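Once you've looked at the hints, dock chains V and Y against the given chain G.
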Amino acid sequence: MLVRLLSGDFPRSRALSVVLLAILLALALAPFVFPGTRSLNVAAKVAVFVLLVASYDLLLGYTGIVSFAHTMFFGIGGYGVGIAMAKLGPGWGALAFGSLAALALSLVLALAIGLLSLRVKAIFFAMITLAVASFFQILASQLSPLTGGEDGLSYRLPELLHSRLVAYYVVFVVTLVLFLGLLRIVNSPFGRVLLSIRENEFRSEAIGYRIVTYRTVANCLAALGATAAGILYAIWLRYTGPDTTLSFNIMIDILLMVVIGGMGTLYGSVIGATLFVVAQNYLQDLMKLASGAAKGVPLLPDLLHPDRWLLWLGVLFIVCVYYFPYGIVGRLRMRRA
Amino acid sequence: MSTAAAAPAQDPASALPVTRLDWPPLALIPAIALAALPLVGSLPTWVTLTVAGLAMGMMIFMMASGLTLVFGLMDVLNFAHGVFISVGAYGAATVLTRMTRQMQAESLASDLSAMVPAVLAAIALAGLLGWFFERVLIRPVYGDHLKQILITMGGLIVFEQAIHVVWGPDIIPLPRPGTITGAFIIGEAAIERYRMAAVIVGLVVFAAMWLLLNRTRIGLLVRAGVENPEMVESLGYRIRRLFVGVFVAGSGLAGLGGAMWAMYQEQVNAQMGAQMLVVIFIVVIIGGLGSVGGCFVGALLIGLATNYTGYLAPKLALGSSILIMVLVLLWRPRGLYPIGRA
Amino acid sequence: MPEPMLALSGVNTHIAQYHILHGVAFEVPRGGLTMLLGRNGAGKTTCLRTVMGLWRASAGSIRIDGHDVSRATTPDVAQLGVAYVPENMGIFAGLTVRENLLLAARSGAPDARRLEWIFGLFPAMQKFWNALAGNLSGGQKQMLAVARAIIEPRKLLLVDEPTKGLAPAIIANMVEAFRELKRTDTTMLVVEQNFNFARSLGDTVAVMDSGRIVHTGGMDALAADGALQTRLLGLSLDSHQ
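Protein chains in written order, with the numbering used here: chain G, 32 to 368; chain V, 1161 to 1502; chain Y, 900 to 1140.
Chain G on its own, in the form it takes in the complex (with noise of 0.2 Å):
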């Protein structure tokens, strides 16, 4: 039965399989073990992340194309959620109308991008991305009267949501039921050809596969995902705005837990949300007890200061890229071997 539910997809190492069942759990009982706002907001954080950046592996890990409009699509469905509850009313048939208005507009949008996109060179799409995405960020602020501007949104959703315990358990399933679709799809047929595009694009195209089509539907699975983040996010928040969900240091954020994890393994966005989450509210406590320490010698209280934690991670990411292609996923299985 494990195997059906995994798709067959094991962690292939006994280090990985701890750590993955540990968070699972962690993140499954939450509520009790880590009471407290600030570890619940981690732990629901981590949840929509490990769904964020999976769904962004798909992209990147096994199809093999980098894109910079997957915050555009997480804000879709933040927005979508929170224009609706906060125009429509905090009402069920509101969530669920914002919610299928974002699905749709981001399907038709990741649509547009891969047929108009995909045909060309990769540094074409990655730099037409950024520009849709940062389009799509102006605008954001700049309709005021519809998104709340710069300020973003703040909205009451349906009652029942907001109860901490319900959200949380909605974001938890959500995520765990939505992951492991995504590992349905990658080791289905469909995810084969898309690494044997991966691989060699040329073969694949002179055995017949449509490159163009099959890369399209994998953009398009992505940004549903994405999508489904931002609506589960905008639930958990109560609150979208551009900081929140368009900004580009979040796309930065996806790149370095995709690639940290262990790119095209989709285990690693669950390690790589959950370490960059950790890190991003814990890390920094302890970076100001170094950073104190180290007060009087040069330079090393600046480099420690907590504000500087992303530097660390993007050396630990550039590492990652050089010497290990498939993260700490990847290290973990060799391990076994």
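Take these hints with a grain of salt, some might be off.
[Said to hold, decoys possible] Computed list of lysine-lysine pairs in BS3-like fashion (alpha-carbon distance at most 25 Å, straight line):
hint: 1; chain 1: G; residue 1: K76; chain 2: G; residue 2: K319
hint: 2; chain 1: Y; residue 1: K1081; chain 2: Y; residue 2: K1054
hint: 3; chain 1: V; residue 1: K1307; chain 2: G; residue 2: K152
hint: 4; chain 1: Y; residue 1: K1026; chain 2: Y; residue 2: K1063
hint: 5; chain 1: Y; residue 1: K1081; chain 2: Y; residue 2: K1063
hint: 6; chain 1: V; residue 1: K1475; chain 2: G; residue 2: K118
Since the hints were derived computationally from the structure, they do not count as laboratory data. Bear in mind that the values here come from a model prediction, so they are computed numbers and not experimental data.
Chains V and Y in isolation, oriented as in the chain G frame:
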């Protein structure tokens, strides 16, 4: 009846003219300026906007030219190009903030004695960083586009943070030298002195690049290398050595652009490079990857368009750039002046 | 007998996971013109590119004028005095004819007398001196590619299908040019599909099939043996252009 066979064997190509200038893209610049005139309404305002647009275009050109040349020649896209811009800006800032005395002396010579070192420092610092980048980060991943994008993104993250480490996270205000501040009035139009200076610097840079590329042997190598690096090697040239030089020159240019931009904005912040990145990419795509001339035209178009729409419909400023990009690509899918790759 | 200008021995070349050349071995005698023949996909272009260092031989040795170039980089090979005319001609479309030739003249400017000689072989080069190479016709581009290779004296010329897609009149022009070149004592290795062209110019011949050398010998011997031609090339002389 006279037929083609009876006509003398006139080689149609013998009517081939000497290298003809592809003028339609160039014509876009005055076209967009003239199109904006009726929309803006008042001539003096239009003059101000046009000069502003040209100045901005020049600065963008300086920032973008290095990127397009590096991509054309080495097939490397450096997403961290923005870092060179920021570093140039900060370098200039460091020099200028230490030379406030010179800049209050109210003389051009004195001002220049502060600005020239500032600009040189910017170029040197950015060029040095570029050398480091090429050697350490990019050289190992030649040919692998995916890894290049990732590595340069990593470089962007690390070095943006490193700027914070060295210069602190706050915004540094920049004093603008006395003689360049203010504007001179022609008729009813106010033309900012600094913008004129930027236009002049930009033209000088472009002229220098053009001369280098078209009148020197090295320029010949670069132009040939952009088209077909393999063939250049087959002719006996070690083109890899050229790569480093071009990369460093490109980063230095970006630093120059950053310095000028910083002096224009009268402040520096670490996001500067990243903010310009999207615009630079748009310009590079419009111009045609690898084409300095295309980059020049593209930059001026975007500079003008941004300023006109900034006046007419501020919310659409970035949108106008993207619109222009889409229109240009529909007209010429590989950019205004694409380089033919064998 | 003096050492051959070019000698391959046991050369294997892999491209990605494909094994293209299998133990290729043949020699090109000094001052002679060797024709490299074979069907499409036999590996002739791969052979030239491997000699030129554009692809690295995974095994075997390549010697040019006594120097071992098996591990040499392309610029190194070129600097030994080797010129390469690729199948797609490799001319720089954005540069003028003059600039193309200027670039190929490594020592600086082209020698005036040499240039006169080239203009004699290919008059179009003089006519279109300042024209963009990209605007030339197919035949003119081919002439430019060859002119580039001989703008300075070279020890060895590697030419890949110089007559491909050319009109018969231009091919005749090309034959003349190559005949002139032979008189200058330049060693040449030419890949050709046009057997007439090959027969009129080649001294020796090497035939490839599926990445292997299946025949080496004199051109006259091959030209006289119709059965051998059919066996090696699939068609007899009369069926070719």
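Violated hints - listed by number, lowest first: No numbers; nothing is violated.
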